[in-house]
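Novice: Position chain B against the provided structure of chain A, taking the given hints into account.
Next come the chains, spelled out residue by residue.
There are 2 protein chains.
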Amino acid sequence: MDTDRYQPTERTRARRLPERAAYDRATVHAILDEGFICHVGFVVDGQPFVVPTGYARVGETVFLHGSTGSRLGLRPGMDVCVTVTLLDGLVLARSAFHHSMNYRSVMAIGRTRPVTDPGEKEAALRALVEHIVPGRSDEVRGGDRRELAATAVLALPLREVSAKVRTGPPKDDEPDYELPIWAGVLPLALTPGDPAPDPVLDPSIPTPGHVASWARPAR
Amino acid sequence: MDTDRYQPTERTRARRLPERAAYDRATVHAILDEGFICHVGFVVDGQPFVVPTGYARVGETVFLHGSTGSRLGLRPGMDVCVTVTLLDGLVLARSAFHHSMNYRSVMAIGRTRPVTDPGEKEAALRALVEHIVPGRSDEVRGGDRRELAATAVLALPLREVSAKVRTGPPKDDEPDYELPIWAGVLPLALTPGDPAPDPVLDPSIPTPGHVASWARPAR
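Taken in order, these protein sequences are the chains called A and B.
By the count of my numbering, the first sequence reaches residue 219 at its end, each step adding exactly one.
By the count of my numbering, the second sequence reaches residue 219 at its end, each step adding exactly one.
Just chain A, same shape as in the assembly:
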C-alpha cells in the first residue's frame, strides 16, 4: 500500500470529475490545516443532519469539538462524514453553464470514537485552540479538571478520505471563446480585520503577536 496516499474505497472514489480528485496525504493535510470549520454529517432516525463545528488535525486523526453536547446529536460511535471546504474564487465563464468555483475540499468518513483518556483529551483541546490561533495556548489559562470533564471531544481516524480541488480559469465551449464577454476568476480569501479587544479589557494589555500577525499557513 502506498503510504503517501489514502487508498480510495467504493465510498470515496470520485465518480464525477475524477480529474479533480486527490488522495495524497499532503494535499488532504494542507486543506484540513488551513480550514477552521468542518461540516459534520450524522444520521438520526434516518434523517441526515449537518452541523458546523471546530476541529483540529493531529497526525492521522481529526478531533471534533463544540456542539457535540447537543441532545439531538452527534455521539461517539456514530458513522459520520466530516467535510472541510475552502473557497478560493468565483469562476466566471462566457456561458452561464460553465460558471463554477475554485475550491479545495476534503471529505473523511468513518466512525467517531470518544476521547476519554485525560491526556489525549487535554492534547486534543490544546490542538483545537492552536489550530485556530497558533501560539495562543501558552498564553491563556489552560483547562481545569471541571472544564475537561464538561467538554466532549470525538476523534475520527483519517482512513477513508478524499480531496477535491478545482483551480484555474474557466473552461468554455470552443465556439464561446470568440464571444466578447469578460471571463476569468474573482479570487476570494478569508482575511482578518483589525483585532477588536474585549470592551472590558484592561487597555494597558497590548495585542499579542499571535493575534496581530495572525495568518493562515501559506499555500
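Everything labelled a hint here was simulated from the structure, so no lab data went into it.
Among the hints, a few may not be true.
Said to hold, decoys possible - Partial selection, computed: residues in chain A whose CB lies under 10 Å from chain B:
| # | residue |
| --- | --- |
| 1 | Glu34 |
| 2 | His39 |
| 3 | Leu87 |
| 4 | Leu90 |
| 5 | Thr116 |
| 6 | Val133 |
| 7 | Val185 |
For each residue, glycine too, the CB sits at the ideal point set by N, CA and C.
Specialist: Frame of chain A; chain B shown alone:
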C-alpha cells in the same frame, strides 16, 4: 401560525445554547443570501455523506446545483440537510475553554424534489449565477436546450429551518477577567482579490462593473 418565522420542530429546535437560535425568516434569508456554498448531507446505505455545492434561494425554495450528477449520490426524493455557515470571527477568550467563533449558520432539512419544468429550471439556473455574481446573467451566453438537459437541479422547500448566530466578545469565567491576558475578537471576512482575466481573454475586453465592484450584500 406566525408567518414571519419558521415553526420550530422536534428536529430543528435548538437544545444546546438556545439563546443562539433564530427562526425568523429575515435572519435565515439574509444568511442564505450572503453565503456561496452549502454543505448538503444525505444518506446512502446508512452512511452520511456531506458535499459542498452551489445554491440559490428563491423565495421559500433553495435550489441546489453541481455535484448532483454524481453516481454516488444526491438524488431527487432524498431526505437531506442543507447547511450554510458564515464565519465572522475568532473569539479569543482568557481561558482555553471559552475560545469560540462568531458565525451565522442556517440548517434546512427536508426532502428534495427534482426540478424538471423547463421554465422553473431555467429560472433556477439563472438564480444560481445571479446569486454568485449579481448582474452577470444578462451579460453571458444563456443555457441552451442541451445544457439545460445536462444539468440536474434539485429544490428544497424551506419548511424545517433554523439559524444559529454567535456575535460579540468572549464570555469568560468571572475570576478570569482579572488575568493579564489579551481577549477579544479577530474579525474574519471573505474578501475579493483583483479579478484574474482568463489568460486567453482578448485584452481589449474591459472588466465589467459586476466583477470590478463585486461585493456581498451588506449585513
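Novice: Taking the numbered hints from earlier one at a time, note which ones the structure violates and give those numbers from smallest to largest.
Specialist: 1, 5
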